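Q: Residue strings, one per chain:
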Amino acid sequence: MSAPAIAVSPVPFAQTRHARKKQRAERVARCFFGAMAGAMVIPLLLIVGYVVIKGAPAMSWEFFTANPRRGGAAGGIWPALVGTLYLIAISLCVSAPVGVLAAVYLNEYAKDNWFTRIVNLAVVNLAGVPSIVHGLFGLGAFVYAMHFGKSVLSAALTLSIMTLPVIIASTKEALAAVPLSFREACWNVGATRWQTIRRIVLPNSISGILTGVILQVSRAAGETAPVMLTGVATFKAIEGSGLFLYNPFSEQCMALSMHLFYIRTQASGVKEELSFAIAATLLGVVLLVNVTAILFRLFLRSHKKW
Amino acid sequence: MAAPRKIEAEDLRLSYGAREVLHGISFHIEANEIFGIIGPAQSGKTSLLRCLNRTIEFTPGATTSGAIRVDGHDVRRLKNVYELRRRIGMVAPLPVGLPLSIYDNVAFAPRCAGLTSRSELDGLVEQCLRQAALWDEVKDRLDSLGTKLSGGQQQRLTIARALSHQPEILCLDEFSIAIDPVTTMRIEDVLKELRRSVTIILVTNLTQQARRLADRTMFLWNGEIIELSTNEVIFSDQPKDRRTYEYVNGIFG
Amino acid sequence: MAAERAMELLIKLCGFSAIVFVFGIFFFVLREGLPMLPRLTPGNFLFNFEWDPSASGSPKFGVGALLIGSVSVTVLAMVIAVPFGLGAAVFVSEFCGRKTKEILKIVIELLAAIPSVVWGFIGMSVLGPVITTVFHVPLGSNMFNGAVLLALMSVPIIVSIGEDSLKAVPDSYREAALALGATRWQTVYRVLLPAAKNGLLAAVLLGVGRAVGETMAVLMATGHSARIPHSIFDPVQTLTATIAAELGEARQGSDHYQVLFVIGVLLFAITFVVNLTADLVVKGIKRKSP
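Protein chains in written order, with this note's numbering: chain A, 1 to 306; chain B, 1 to 253; chain C, 1 to 290.
Excised from the complex, chain A in its bound form (with noise of 0.2 Å):
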């Protein structure tokens, strides 16, 4: 007769040899996977230190208040910045109240029918199109089908086409958040779905729609593809300040996140660190925006009203 499957030890609770070597095959396993875990979080953390170090010599007050020299391969990054600025406060303009009022639609007023299924089908395929798609869209409907030409309103349209679907998505879980009985409470009294909307459902997710559009903040300064073909150029300089810089139905703007595409790509005679400053200026950018994002939320979490 074969031996048990499990020993069994003569002292019970023992630690008998199979119990040991599923112990240390549970370590085992717990280390293989917390090793895939760091595997992700070392990386970023090396690169984004190697990054801000190599380009720390280059970024003075200088690199970040001053137009660039020698078409962009030298001096500062003001337009860059300024440009950017201008591209994400066009595009939210656009992007935030359309996607807000979108999802309060899917959220609030859509009867669950085909229709409705379209729409968040169509939402869902906006979020996935490749970037580049985006400004091929924006090449053919707002340069030239809408004649907006090369301009910082087209890149900035196409941008807010690019950030809507995700805008949408994230309005819709805030949205949801909300219970259901408020809203219930709010038509027993005789409130019209619209005053409950604004009055209560939309008070009390602002704060989650608000993380979203943060985030496609970030998201907007870091992106080439969409506006490098519509309306951002290589080298354009500013002069002078004031508010209205460009004029965006016909001028270009310049962007950080093409500036340093140009700068590694194709601009000639560049010092390597002035490369790196710029890539280090669009992480901090963008990562500040998004730790931002992130504390907002947290402390979110905190205040909860209910």
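There's no promise every hint is true.
Only pairs whose alpha carbons sit at most 30 Å apart, straight line, appear in this in silico DSS-like list of lysine-lysine [said to hold, decoys possible]:
1. C:K99 - B:K148
2. A:K21 - C:K167
3. A:K305 - C:K99
4. A:K305 - B:K148
5. A:K304 - B:K79
6. C:K105 - A:K304
7. A:K305 - C:K60
8. B:K79 - A:K111
9. A:K304 - B:K139
10. C:K105 - A:K54
11. C:K101 - A:K305
12. C:K12 - A:K111
13. B:K79 - C:K12
Source of the hints: derived by calculation from the structure; they are not laboratory data. Keep in mind that this is a model prediction, so the values were computed, not measured.
Add chains B and C to chain A, keeping to what the hints say.
A: Coordinates of chains B and C only, in the frame set by chain A:
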């Protein structure tokens, strides 16, 4: 011609998709009476109330037929459904404090209806909170969050909210579930006062409560009216239907 | 009441806009490439491996090499990303303490936020030199470089969706397994992974979608050469990078210009199918879960 009954239902049917939950019921409710509705769970009591103020429309797949009339007008044909809902106060079984201050909770409905005068709102808020037996407990912290109150307090807040738009009809759906007996008694006293100006529909699982308060009571079971009589009859030893006796005395339900 | 109606109309319009934009993208991209479409057969377009659009005389529009470029760099990226991504998802979901979990999730989110042009820069300036020294190859910008970057870019999606689907497996499964004496690892291997396999598949598909659609990083780091690669250290050229690199030079309305738009349509179709599949797989789980 006699004045129309306050509330009248005629062959009212309600279905959720393919499942019928109200099987063509007809009844009427007089003005200024307290009308009790008793019956086991899932009998259609809450659904009936939601047909009355048309919040049934928010449930996808719900279809109604037949008529349900308030002051002679079929509610389903009314153009301004919001005005209808303001004429009917609804207190749901689960307490809901809106994520606003206590003051704003009670002022919510009047503000939606257009009332903005601060002094008028102050008076209204105090009156409603007193009627809901909540004023004394919260009068010093009217700007604290409504969602942070205890369950029983939130339920009274819901009642205050229901009263804030001065309804002619007040529907209470198992209002005392989350409230202690003493406070329940206080609210029952208020209801007895209110009936002078308001028609009250009291849906309750506590048959004793219906016995105490109502003038007439309807026993609803599985979407059908088993019996509708005055309290003397329904709660007596000889109600019209044997099943009423069994339910009231706890033999089933 | 009128204001309410107006608001409702505005809201409905915005909801409708999402459909308009998806169809709009397809429409406008197709429109610019349409004249060229009848002249492109599977023979001279998809399975033709010569891409030489600016050759005077007889320009060649064979995207075969470009397709292979996109596919090879994506596949290699997934070979790297899937084990690490799923492994990290398992770690975050099953083995890790609450504090570590918060930190890891934040790190993953930040990893996902790095712009693709920065990744391309890292590929060229950091990874490239490392590859040439460690592997003794002449060129640092190649398929391997691009694949490593794509892997780092797709891992966050795989981890977050993978973790969601592991979380969706009911705790009762875990408790039952532990009660039978299984270790955590055995529970993961025999119970959880099979139970969550739909969601994990969706996670991988979405990672693939991300990798296929990536432009700047591969443009900068894969060497950009439209030839069929013979080793993972050869340069390749992807569909996305081709459009980005050549559209600036192509004259509006020319054959070259139109073919680039057709490539855009092709990309749209590929990512559409991948994302649709992933979405259906995810919906499949949501319907099945109790």
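Q: Could you run down the list of hints and mark each one as holding or not?
A: Status of the hints after comparison with the structure:
no. : hint            : result
1   : C:K99 - B:K148  : holds (28 Å)
2   : A:K21 - C:K167  : holds (28 Å)
3   : A:K305 - C:K99  : holds (24 Å)
4   : A:K305 - B:K148 : holds (8 Å)
5   : A:K304 - B:K79  : violated (38 Å)
6   : C:K105 - A:K304 : holds (21 Å)
7   : A:K305 - C:K60  : violated (64 Å)
8   : B:K79 - A:K111  : holds (21 Å)
9   : A:K304 - B:K139 : holds (24 Å)
10  : C:K105 - A:K54  : holds (27 Å)
11  : C:K101 - A:K305 : holds (25 Å)
12  : C:K12 - A:K111  : holds (12 Å)
13  : B:K79 - C:K12   : holds (22 Å)
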